[in-house]
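Chemist: As a plain string of letters, each chain reads:
Number of protein chains: 4
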Amino acid sequence: MSLNHDIKDGTYLDVLQAPSLLQRLRYTREMSVVLSTPLSDEDQMVQSMNDASPTKWHLAHTTWFFETFILSKFLENYICFDDTFGYCFNSYYDAVGPRHPRPIRGLLTRPSMQEVRSYRAYVDEALELLFQQYDGQGGELPTKASRLIELGIHHEQQHQELLLTDILHLFSLNPLNPVYKKEISINRNKHKKVLDYDWQDCDGGVFEIGHTGDGFCYDHEGPVHKCYIHPFAMANRLVTNKEWIDFINDGGYQNVALWLSDGWNKVQSEQWNAPLYWQQDEDGQWMRMSLHGRHSVVLAEPVSHISYYEAVAFANWAGKRLPTEQEWERAAQHQDISVNTFDLQHLSPQPAQLVSGLTQLFGHTWQWTQSAYAPYPGYAPEQGAVGEYNGKFMCNQYVLRGGSCLTQNGHSRITYRNFFYPEQRWQCTGLRLATNA
Amino acid sequence: MSLNHDIKDGTYLDVLQAPSLLQRLRYTREMSVVLSTPLSDEDQMVQSMNDASPTKWHLAHTTWFFETFILSKFLENYICFDDTFGYCFNSYYDAVGPRHPRPIRGLLTRPSMQEVRSYRAYVDEALELLFQQYDGQGGELPTKASRLIELGIHHEQQHQELLLTDILHLFSLNPLNPVYKKEISINRNKHKKVLDYDWQDCDGGVFEIGHTGDGFCYDHEGPVHKCYIHPFAMANRLVTNKEWIDFINDGGYQNVALWLSDGWNKVQSEQWNAPLYWQQDEDGQWMRMSLHGRHSVVLAEPVSHISYYEAVAFANWAGKRLPTEQEWERAAQHQDISVNTFDLQHLSPQPAQLVSGLTQLFGHTWQWTQSAYAPYPGYAPEQGAVGEYNGKFMCNQYVLRGGSCLTQNGHSRITYRNFFYPEQRWQCTGLRLATNA
Amino acid sequence: MSLNHDIKDGTYLDVLQAPSLLQRLRYTREMSVVLSTPLSDEDQMVQSMNDASPTKWHLAHTTWFFETFILSKFLENYICFDDTFGYCFNSYYDAVGPRHPRPIRGLLTRPSMQEVRSYRAYVDEALELLFQQYDGQGGELPTKASRLIELGIHHEQQHQELLLTDILHLFSLNPLNPVYKKEISINRNKHKKVLDYDWQDCDGGVFEIGHTGDGFCYDHEGPVHKCYIHPFAMANRLVTNKEWIDFINDGGYQNVALWLSDGWNKVQSEQWNAPLYWQQDEDGQWMRMSLHGRHSVVLAEPVSHISYYEAVAFANWAGKRLPTEQEWERAAQHQDISVNTFDLQHLSPQPAQLVSGLTQLFGHTWQWTQSAYAPYPGYAPEQGAVGEYNGKFMCNQYVLRGGSCLTQNGHSRITYRNFFYPEQRWQCTGLRLATNA
Amino acid sequence: MSLNHDIKDGTYLDVLQAPSLLQRLRYTREMSVVLSTPLSDEDQMVQSMNDASPTKWHLAHTTWFFETFILSKFLENYICFDDTFGYCFNSYYDAVGPRHPRPIRGLLTRPSMQEVRSYRAYVDEALELLFQQYDGQGGELPTKASRLIELGIHHEQQHQELLLTDILHLFSLNPLNPVYKKEISINRNKHKKVLDYDWQDCDGGVFEIGHTGDGFCYDHEGPVHKCYIHPFAMANRLVTNKEWIDFINDGGYQNVALWLSDGWNKVQSEQWNAPLYWQQDEDGQWMRMSLHGRHSVVLAEPVSHISYYEAVAFANWAGKRLPTEQEWERAAQHQDISVNTFDLQHLSPQPAQLVSGLTQLFGHTWQWTQSAYAPYPGYAPEQGAVGEYNGKFMCNQYVLRGGSCLTQNGHSRITYRNFFYPEQRWQCTGLRLATNA
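Going line by line, the protein sequences match chains R, X, A and V. Just so we're aligned: 227 in numbering that gives the first Met the number 0 is position 228 of the first sequence, and the numbers increase by one with no gaps anywhere. Just so we're aligned: 183 in numbering that gives the first Met the number 0 is position 184 of the second sequence, and the numbers increase by one with no gaps anywhere. Just so we're aligned: 332 in numbering that gives the first Met the number 0 is position 333 of the third sequence, and the numbers increase by one with no gaps anywhere. Just so we're aligned: 352 in numbering that gives the first Met the number 0 is position 353 of the fourth sequence, and the numbers increase by one with no gaps anywhere.
In short, the hints are calculated from the structure, not lab data. Hints are not guaranteed to be accurate.
Heads up, the list lumps identical chains together, so a pair's fine if it works in one copy or across two of them.
[Said to hold, decoys possible] Pairs of lysine-lysine residues, derived as DSSO-like cross-links and limited to a Cα-Cα distance of at most 30 Å, are as follows: (1) Lys225 with Lys319; (2) Lys319 with Lys143; (3) Lys225 with Lys72; (4) Lys265 with Lys72; (5) Lys72 with Lys191; (6) Lys180 with Lys265; (7) Lys181 with Lys265.
Bound conformation, chain R alone:
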């Protein structure tokens, strides 16, 4: 059975059927290749800004992660594919050694795409061997190894989302407006009805926040801890493009009173007047660049590619506010949440279903919260190099919750904490409003 075939057919791994670790590993490794398939070697080579990385680099770095943290430690007699790759494809793990500077990842024309493909095959084979090594001994992988493989899977899923957002950024600067995958139509939602606003009231009190249970989570999702939450109400759906155009037309980008001071500086220095990738036609119509190429903005869809600053300004304009991450987690806890539906046929946030209750929690856009990214009470990073995964970034960034249309199925959780700098816009980021009770 070729996973590749399944993925290409749009039949994605059913996360509810609890596939084995090995199955999920194979699936994830193959998914990266599937995502890179519509791209030429040239597309995969280029880095369009410091924040982004080339596709090739994502493909190699995720492989390096398995090689460095798992194979080198747990597979007997494992020989590194190439000693220079450690320098080339380390992202930010200082404990592992020096590395190629991030802003010039796009200069690594060598090793070639072909060598990276060989690297992936070599490591994939070794990972199979690792499973066999323990199978053969009638035993199981050591817990530490399986936990690190689990981390490697989730790590690669994160890079799969970055791969897509980075390619979109690159294509957005190309005068030919390239389309990521030609087979997809985009305008089908043009006249879709928008779900009415409904406010989900939540009581105040002391609640438990953070991850529990045996399933995988990142270190920063715990420890589970008590937290006092004040009564609040949460919007049932995301803010739409239509509402964002109202904000623009009402002078939102010109009204200093709506903005955080740092946000206003950014608006002026960068001359922001709309979400990233939006441009106005000569006849005033808003167009946007997406993985589907350049097309008109679909009014009923959730707005995406906005910064924290814009999210806050919009909330002020609407007389509401952003939720805290605790409020988001609490509101989500007892709701019927939509299932995350990553699908290579979509790759765009979709209008909300006309249902009751909280909707669009996952699968459309990441949702800015007003919470600065900080350690939970009692948080301690993991020991060793993987301890650099999250903890050292707990400054100047803001938490986003949920997940986007570019997030792999099964990757996110109700306790999942994504984080970016408040000025960053190249991720698939949107917002959901909240208000005091």
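Since chain R is already given, all that's left is putting chains X, A and V on it; use the hints.
Modeler: Using the frame of chain R, we list chains X, A and V on its own:
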């Protein structure tokens, strides 16, 4: 009675004797002049970096604040001293109108120092008239006016501290190492014994955070609200210069594992290897520039002029952490706290008294907390231009608690929230350690 | 006889009467003080950009020049006024030692203005002693000393011009539009008739270029050398403001075809649309800031405060070109040239007299030539630190010829070579057109 | 006969055999492809700095040049290959229309390498048609067309050199030290004897400078004009790596007295301590990156990849100077000059032959002159867009003469003027010393 005389004699207003609003207004207005007295017109003219302002600008801006928000609104027939001053001396109140750009405040050689002195006298006289206007009518100032005067007093006190830190920054770049006030000796604490560490245990639970009662507070100190705090322990005193030198000598500034990612970038791009104003002599002795000129670092004194990044790295090195602002407020609540003792004869943090219990809460250095500066639950900025005072800065900054040797007596409180960017070091900033229970 | 009195009365030293070296030294030293008199200590303290220096710094640096290069070498037992001043007031003489960085000259609030005044008096007295030392011995100053004093005089005259242009730059950024000297009216030339263009034909051939004779010149004005010049014609007068407005109205600043590539980049990055200090009123009238404050542009006056890039673009627009410096020198050689007339009552370029022949060679604006600043054949810098005066700047700059309304009487010459970077505009710079024969 | 085959065999077009315009056109077009052959699509995609361009862009831009300036004008019914390419591949011709910004040429992953190859084939075929169109009519190409084709050939030859220097820059930043073409050895000159210095004396007088005759030249090589040159002497050969190491070891990069002021600023801000691409091994040996990969510096070879600033500092250190471009041209005029020998087997400057007379004029490194790039007397740019080829760059750059090991055979001439900014080092630039007679 000349307040000026009192201040110069070192007899500071006794804040416990509850002086009247008018007394405190007069005292505060005179204090600004007293603080500028040791400085030449040239010293008062210059701006040494974007973050700092010239003394002259502080003197004029605090006056403009009273003119704009109080006299123009509440004093009948008040005529502005000079219509151009609004443009020159507005700091960041967008609702009031356009303003002279912050980075070139130091180019305002006109209006002259002499005109600014006249401006102060004119406004002071008008403020007296305002009190008389209501006194004559047998009545009192409208609450709104007295609240704004109270705000103006606290506003001017903040600028008094800035005036001193800004002058120190200017002097630190002068090859002649100027002394702010010649009469003061500095080395008296050279061999002082250091108070032993003692850890104040605090129980967890739901506590009320934020300001209560009738006294003045800034809008962001409220509303008072419930908060869940986990058990923790707080150090009884601030971190000393001696301990900081141990951190340096142990390679603290070279050990990436101790640092937040953004902090490490700063360490490298700015080549930080010690607190701001520290330099090593040829014989390896650490010297520092302070308002007393250049002198050797006094080991028993609290470390000052460190960034949030350095505070976090030090805490990691020490195996502790920074307290949250809620923990700080909770720990301070039921302690015998030292009284703030601003004194023109000191102007430097002092070694801790050999006492039991929490000490050095005020009057030495501002204390970085791990809390990002954010609105309290239910917070809403004040209406009108003064609503820009705090709210729009609630992003990318960190809360400091306590108060420093440069903070005016009676200015700070247990609920007081100061805030600066994590890379800023020119304020009198230090740290107190905390740890999980 | 008080020179100060004479200067203030507008009776300037008659350079044709060949005053003695000592007379000219005294006059020049006093002139600096006279020029600073209309300025407050605050005005004299501030540096408005990296290219400019504070008046105080000019006053001290020119004094340091005499102390370092003359008194320390030739006056027996001379004791430096203050050992720290060498560091503070060295401009760019690497051979003399380290120095305070240029961009922060404006932070030197100490030494104070008063100390600088004492410094000047101390050095002036020592210079008198130096003359007496040799007079008493019935002899004369050693040639080397008198040549260096001559250099010191011309050096100080250069700084007198800089002092005025630097103050204008500072005042141009002040919202109050300060006037340098109140007593002067400006609009008297409003309706003056403009001299018709006349083109002075010059034959080609081999000519001698460079300084000859015993009079003072800078090292880079020699050695005198042969040069082949092609036939050309030179405009009899400078380009006027009226002509510049025609250039603006014809889209000169929007027409890329007129500009050097580097110039066009500057036009776009700096958004140039007029000479420095020009601004358009609401009703479209062009105003400019000058030492007389803000006033309307006088059409008949020569244009000033333009960059080399703008001069070239204008010449292209006019179908002409800039002269080379050799052409300028050749054209000036056998003409009846106007005498330089520095006068504190003017300080502005004046409309051309209605005379025949080449006019406005000196006393109005420096004239950009198309010649890159380079050594003459056989040029060698002087030995020692004063060799750094000119030679090390022979790169990336362009030669200007003539002199301006801010140039001291007797300072410039037909062989005089001024030089600035092609993007610099804060000097009193204009242009004269030339064309091939 | 396949030109490609010839080129690959190292049998390069014999420029002395005066092949026809069409032959040279075909040869030049094929040469670009040959030069790109050792490179992967990834290598050809990437831009390593603003000054450099991707190989793909060079291949497309040179094609666009023929399409825009020749085919569109002279070939009947010519249809542009793709209307979007004009925007993508215009370099700096403002008269032709807007263009893709230079710093992001490396983001053009579309059009693909394959499409650019098709573009080249399409245009090559059309060029053949153009020749046939006139041949068929029994006539010849209009003079204007043949002159523009000649320009297109020289234009493409320039880009062939840039292609190689740009690839070297890219590879120099790759941790794997890629080799451009594997078949080439490098160290064969390790112990080669260095030609003794000999100084060629040249009389002074009036000489003609600039291009004469019917052969092709760029517009800025004329008009031919008289020039007075002073007696001088020229070194017979280029400065070697051995001599450069002596300069380094004598503290050349630390001795401010040797440097132009702007050069010294660059030394400090960029921390230059050797030519570009040089690095010192742990054992102190100098290594350099070249198209042959990383290898030890060959002492007898001419130094390359130095800036104008370094050339001037070296000349000062040696007690000599750089020649002017007129001196260079005059010295070269009556010498037996070596023939340019571009050869894909070399690609590195070679030690001087042990011959008498001036040597190494072409074929090793471009030679910095002390002449600022400026128009010759009487110069006027060509009419139309191609007039932007040279004239608008006549500012802030310096002239280099001769040619390098990367310059195509027959491309350069004695009157040839190359030009770069004084801080640029990525071209194959060296120096020859001169001195006053």
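Chemist: Next, verify each hint and record whether it holds.
Modeler: For each hint, the structure was consulted:
1. In this assembly of identical chains, Lys225 and Lys319 lie within 30 Å of each other by CA distance both inside one copy and across copies; the values are 26 Å within and 21 Å between.
2. In this homomeric assembly, Lys319 and Lys143 come within 30 Å of each other (Cα to Cα) only across copies, at 27 Å, whereas the closest approach inside a single copy is 45 Å.
3. Taking identical chains as interchangeable, the C-alpha atoms of Lys225 and Lys72 are never at most 30 Å apart, the minima being 37 Å within one chain and 48 Å between chains.
4. Proximity of Lys265 to Lys72 under the C-alpha cut-off of 30 Å is found in neither arrangement, the shortest distances being 45 Å within a copy and 33 Å between copies.
5. Neither within a single protomer nor between protomers do Lys72 and Lys191 lie at most 30 Å apart by alpha-carbon distance, with minima of 53 Å and 51 Å respectively.
6. Proximity of Lys180 and Lys265 under a CA criterion of 30 Å is satisfied in neither setting, with 33 Å inside one chain copy and 41 Å between copies.
7. Taking identical chains as interchangeable, the C-alpha atoms of Lys181 and Lys265 are never at most 30 Å apart, the minima being 35 Å within one chain and 42 Å between chains.
The structure does not agree with the numbered hints 3, 4, 5, 6 and 7 stated previously, though it agrees with the rest.
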